[in-house]
Amino acid sequence: MNSCQKNNEKLLVKNLRKSFENLLVVDNISLTLKENEFVTLLGPSGCGKSTIFNIIAGLLNPDKGNVYIDGENYTGKTGRVSYMYQKDLLLPWKRIIDNVALPLVIKGESKRKAREKVKKYFEVFGLEGFEYKYPFQLSGGMRQRAALMRTYMFSKDVILLDEPFGGLDAITKSKMQKWLLDVLNKLKASILFITHDIEEAIFLSDKIYILSDRPASIKEEIIINLPKPRDREITTSEEFNEIKRHILNIMNN
Amino acid sequence: MKKFINIENKTIPIAFLFLLIAIWQIIVDAGLVAKYILPSPKDVFFTFIDILPMIKGHVLVTLYEALLGFFISIVFALILSVLMDNISIVKKALYPLIVISQTVPIIALAPLFVIWFGFGRLPKIIVVVLVCFFPIVVSLLDGLESVDRDMLNLIRSMGGNKFQIFRFIKFPASMVSFFSGLRIAATYSIMGAVIGEWLGGSEGLGVYMLRVKHSYALDKMFAAILVIVILSMTLFRIVALVEYLVMPWTREMDK
Ligand SMILES: Nc1ncnc2c1ncn2[C@@H]1O[C@H](COP(=O)(O)OP(=O)(O)OP(=O)(O)O)[C@@H](O)[C@H]1O
Ligand SMILES: [Mg+2]
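Chains as they are written, first to last, in the UniProt record's numbering: chain Y, 1 to 253; chain F, 1 to 255.
A few of these clues could be false.
[To be verified] Below are the DMTMM-like pairs computed for lysine to aspartate or glutamate, each with C-alpha atoms no more than 20 angstroms apart in a straight line:
1. Y:K94 <-> F:E243
2. F:K162 <-> Y:E109
3. Y:K87 <-> F:D150
4. Y:K94 <-> F:D148
5. Y:K87 <-> F:D148
6. Y:K219 <-> Y:D206
7. Y:K77 <-> F:D150
8. Y:K94 <-> F:D150
9. Y:K178 <-> Y:E37
10. Y:K107 <-> Y:D157
Hint data in this document are derived by calculation from the structure and do not stem from the laboratory. This one's a predicted model, so the numbers in the text were calculated from it and none came from an experiment.
Same shape as in the complex, but just chain Y (with noise of 0.2 angstroms):
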């Protein structure tokens, strides 16, 4: 596995095959991700997206496959890389400060010492003046920040987002994206990402795999070339549009 970290490879996974009872979800999937990297699985609903994060967060152990870490085989290992779900899943009974310090909680760190170091990262996350606040006072697009914030606290390694703007309005979701993509130039992160929104797609990643309908199976890989860092103008330029076409081209065969 040494050849793997050498192209600086955090995430590799070999030929996933996963299904539940007779139903197949997951067709030979392979992927790769790398250091300071964002790829996006891009995919329609109901392909087996989830099922796929849930088998390289270890939650879910493949019918064959494996994945890597580092080149270290973490299939069906948990604690291992961060995993923000489809919902913000931040817990009612607790402060959001004490909800985004809670993955060092677990890894054994007492609550003042938890908290004491993320009380930093809350002006990056735009959460500032919110710490104490609990989840139900804050907005849908500050609820999801937070739980962004939480999953970044667990480890900036490896981080899967699963449709983390999926549930909120254009507005708020567009400036997400935006906001996203600051603090990616702030803090270094390897991110993989789940979506089904094109445009989302294009303007975060730096390569997009396309996956077919269930069983999710890889259609094509591409690289996106656009320059960084990225503006919402980009979105109206004739590359991006060129991307996009290719893209639904794909998606409709």
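Given chain Y's structure and the hints, the job is docking chain F with the ligands onto it.
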């Protein structure tokens, strides 16, 4: 709007209660029912004030049995629910038995306790435990079961162990349900102790009620019932207060 409903919620039952008491008073005053069969609310109230210093000892004993039984039920319920929640075979084996056990009338069992455990406080406490235990276990199990699977997976994905899953997710998530069971159990606890005392013994409100019943002092009987209602309501209130204090997140949600 909400405030209005809240006030309405309290005023209507209270007004209705006073109406009933007034009707009761009028019926007795009018001589429709003999006083030795049904004392008037006024008489009950004065008797209540009258006997209060005298029955203080009895009240304390009943309260002691009820509270001790209540706490023992909580501890048992906690241990058993956690066991049942974690080990499915324990749940499969025990849960039906616990439900069936509730169909056995306590009144029928209680005399046995007297035979087995005598006339002391122990059999009374056992009755309280039997009465309180069930609502707590059932509500706690319900709570533990209704936890969001994804939340459990979230903690698992962070590498959290079973204890951490319980501490950070399962326990707090089941608190609301747990407390609704506690409130019911708290009100039952006094009643359980009184029933236990009816079966024999030398102290407690139940014993006092038996004595005044034998001397046909129905006003004292009603006064004792009043004491039981007040005690039960107070316990209920205390549990609700504790709930309010330990779950700040639900409190601020109402605002
Ligand atoms: N634990 C499970 N047991 C049985 N079937 C499951 C399980 N988890 C997922 N499935 C099935 O697998 C298929 C893919 O589910 P998955 O959640 O991975 O899709 P998805 O691509 O994430 O969908 P969405 O875009 O709606 O989030 C679905 O048909 C679903 O019913
Ligand atoms: Mg999904």
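For a C-alpha distance cap of 20 angstroms, please report whether K178 of chain Y and E37 of chain Y respect it. holds (16 angstroms)
Given the hinted pair K219 of chain Y and D206 of chain Y, is their alpha-carbon gap at most 20 angstroms? holds (17 angstroms)
Checking one constraint from the list: CA of K87 of chain Y to CA of D150 of chain F, max 20 angstroms. Satisfied? Holds - the C-alpha atoms of D150 of chain F and K87 of chain Y are around 9 angstroms apart, at most 20 angstroms.
Is the Cα-Cα distance between K94 of chain Y and D150 of chain F 20 angstroms or less? Roughly 17 angstroms separates the two Cα atoms, so the pair holds.
Are K162 of chain F and E109 of chain Y close enough, with their CA atoms no more than 20 angstroms apart? Holds. K162 of chain F to E109 of chain Y sits at ~17 angstroms (cutoff 20 angstroms).
K77 of chain Y and D150 of chain F were given as a pair; does the straight-line alpha-carbon distance stay at or below 20 angstroms? Given pair K77 of chain Y, D150 of chain F holds - Cα atoms ~17 angstroms apart, limit 20 angstroms.
Given the hint that K87 of chain Y pairs with D148 of chain F, test it: the Cα-Cα distance must not exceed 20 angstroms. holds (11 angstroms)
Would you mind confirming whether the straight-line C-alpha gap from K107 of chain Y to D157 of chain Y stays at or under 20 angstroms? Judged against 20 angstroms, a Cα distance of about 16 angstroms means the pair holds.
Given hint D148 of chain F paired with K94 of chain Y - CA-CA distance at most 20 angstroms: With Cα atoms ~16 angstroms apart, K94 of chain Y and D148 of chain F stay inside 20 angstroms; holds.
Would the pair K94 of chain Y and E243 of chain F pass a check requiring their Cα atoms to be no farther apart than 20 angstroms? Holds. K94 of chain Y to E243 of chain F sits at ~16 angstroms (cutoff 20 angstroms).
The structure meets every hint from the earlier list without exception.
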